[in-house]
Amino acid sequence: MELSTLHYLVVAAALFIIGTIGVLTRRNVVVILMSIELILNAVNLNLVAFSRLYNGVHGQIFSIFIITDAAAEAAVGLGILIAFFRNKETVNVDEIDLLKF
Amino acid sequence: MTLAAITISSLLATATSDPVMAPVATKFFFYVLSGLAIASAIAVITRRNAVHSALALIVTLLSVAGLYLMLYAPFVAGVQIVVYAGGIMVLFLFVIMLVNLERSIKEEQYSKQWLAGVLAALCLGGLLAIVFRKGESLFPGVPRLLAEDNNTQQIGIGLYQNYVLPFEIASLLLLVAIVGAVVMAKKRI
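Chains S and V are the protein sequences, given in the same order.
Under our numbering, the residue at position 92 of the first sequence is numbered 92, and the numbers go up by one with no gaps.
Under our numbering, the residue at position 51 of the second sequence is numbered 1051, and the numbers go up by one with no gaps.
No lab work stands behind these hints: they were computed from the structure.
For clarity, every value in this text was computed on a predicted model and none was experimentally measured.
Hints may be right or wrong, so weigh each one.
Label-pair distances were calculated between CB atoms; the ranges are [claimed, not checked]:
{"#": "1", "chain 1": "V", "residue 1": "LYS1027", "chain 2": "S", "residue 2": "LEU98", "range": "23 to 33 Å"}
{"#": "2", "chain 1": "V", "residue 1": "ILE1157", "chain 2": "S", "residue 2": "VAL93", "range": "21 to 31 Å"}
{"#": "3", "chain 1": "V", "residue 1": "LYS1187", "chain 2": "S", "residue 2": "GLU2", "range": "50 to 60 Å"}
{"#": "4", "chain 1": "S", "residue 1": "GLU89", "chain 2": "V", "residue 2": "VAL1051", "range": "39 to 49 Å"}
{"#": "5", "chain 1": "V", "residue 1": "TYR1110", "chain 2": "S", "residue 2": "LYS88", "range": "14 to 24 Å"}
{"#": "6", "chain 1": "S", "residue 1": "LEU98", "chain 2": "V", "residue 2": "ASN1049", "range": "42 to 52 Å"}
{"#": "7", "chain 1": "S", "residue 1": "LEU99", "chain 2": "V", "residue 2": "VAL1032", "range": "40 to 50 Å"}
{"#": "8", "chain 1": "S", "residue 1": "GLU2", "chain 2": "V", "residue 2": "SER1171", "range": "15 to 25 Å"}
{"#": "9", "chain 1": "S", "residue 1": "LEU99", "chain 2": "V", "residue 2": "PHE1028", "range": "17 to 27 Å"}
{"#": "10", "chain 1": "V", "residue 1": "LEU1055", "chain 2": "S", "residue 2": "GLU89", "range": "17 to 27 Å"}
{"#": "11", "chain 1": "V", "residue 1": "GLY1078", "chain 2": "S", "residue 2": "ASP97", "range": "21 to 31 Å"}
{"#": "12", "chain 1": "S", "residue 1": "LEU99", "chain 2": "V", "residue 2": "LYS1027", "range": "47 to 57 Å"}
{"#": "13", "chain 1": "S", "residue 1": "GLU95", "chain 2": "V", "residue 2": "LEU1115", "range": "42 to 52 Å"}
Covered stretches of chain S, going by a simulated chain V footprint (3 or more residues, C-beta under 8 Å) [what the hints assert, rightly or not]:
{"#": "14", "stretch": "25 to 36"}
{"#": "15", "stretch": "39 to 47"}
C-beta atoms are modelled at their ideal positions from N, C-alpha and C, and glycine is treated no differently.
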């Protein structure tokens, strides 16, 4: 079978599912942020694959925007994590429940 | 000296006689790269030590960069390596070093959200199966194009002509993120 767009979509979907399971089941905040990076990578792979299918660069430009967003999100998320760790000495999401009632 | 000159001239001769360089062994590289990406992605969410997760995530990012190269997107592949593997992962490793690991390694690693995880995996997996079964007609095979040598130029033109406003918004977003990260990580909030 010749390589087609579908092959890349399957890889991207697998990465997306793995990232979703990581976000939902892990307790360490750092690993949850890494799983979010996995999800963003899956979306990027989809965009670049479709950009190749339709023979343009618009998908690649959008994937660059998503990489920018990922960098901003990682910086702010890890800053929040450091501020939180300084107050409560934990990186466990089950103990971060101040807004729960 | 002469040998090198002969080698270079023969290389030039082959390059000019055969300008269309067809890609070789694309299937092999695709399966190796995607298998590496998925295996190390599974390692990311199953390792107990967060440093091991970060290293596995670096392997995933580099494999995805290889997939971008196979999709003829060299600029995105370079940005992926420089920004993700070089920038974001260094940030992650620094934060892992800052927060103490010994306590969190001994704790239970998985939360009690197994049901939500299994449900999400089943829904997304079902979607994947549907797309995979119908996909042959939805997404026809890619015509065999050759790599364009002005990919970066085209992306630059697109960024500065069609996507000027999103580009500026992205720069503003990065500014806000820098200020936010500095404010968050200060001693007293």
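Outcome of the hint check:
{"no.": "1", "hint": "V/LYS1027 - S/LEU98: 23 to 33 Å", "result": "violated (52 Å)"}
{"no.": "2", "hint": "V/ILE1157 - S/VAL93: 21 to 31 Å", "result": "violated (44 Å)"}
{"no.": "3", "hint": "V/LYS1187 - S/GLU2: 50 to 60 Å", "result": "holds (59 Å)"}
{"no.": "4", "hint": "S/GLU89 - V/VAL1051: 39 to 49 Å", "result": "violated (19 Å)"}
{"no.": "5", "hint": "V/TYR1110 - S/LYS88: 14 to 24 Å", "result": "holds (21 Å)"}
{"no.": "6", "hint": "S/LEU98 - V/ASN1049: 42 to 52 Å", "result": "violated (28 Å)"}
{"no.": "7", "hint": "S/LEU99 - V/VAL1032: 40 to 50 Å", "result": "holds (45 Å)"}
{"no.": "8", "hint": "S/GLU2 - V/SER1171: 15 to 25 Å", "result": "violated (41 Å)"}
{"no.": "9", "hint": "S/LEU99 - V/PHE1028: 17 to 27 Å", "result": "violated (50 Å)"}
{"no.": "10", "hint": "V/LEU1055 - S/GLU89: 17 to 27 Å", "result": "holds (25 Å)"}
{"no.": "11", "hint": "V/GLY1078 - S/ASP97: 21 to 31 Å", "result": "violated (42 Å)"}
{"no.": "12", "hint": "S/LEU99 - V/LYS1027: 47 to 57 Å", "result": "holds (50 Å)"}
{"no.": "13", "hint": "S/GLU95 - V/LEU1115: 42 to 52 Å", "result": "violated (21 Å)"}
{"no.": "14", "hint": "25 to 36", "result": "holds (count 9)"}
{"no.": "15", "hint": "39 to 47", "result": "holds (count 3)"}
The structure does not agree with the numbered hints 1, 2, 4, 6, 8, 9, 11 and 13 stated previously, though it agrees with the rest.
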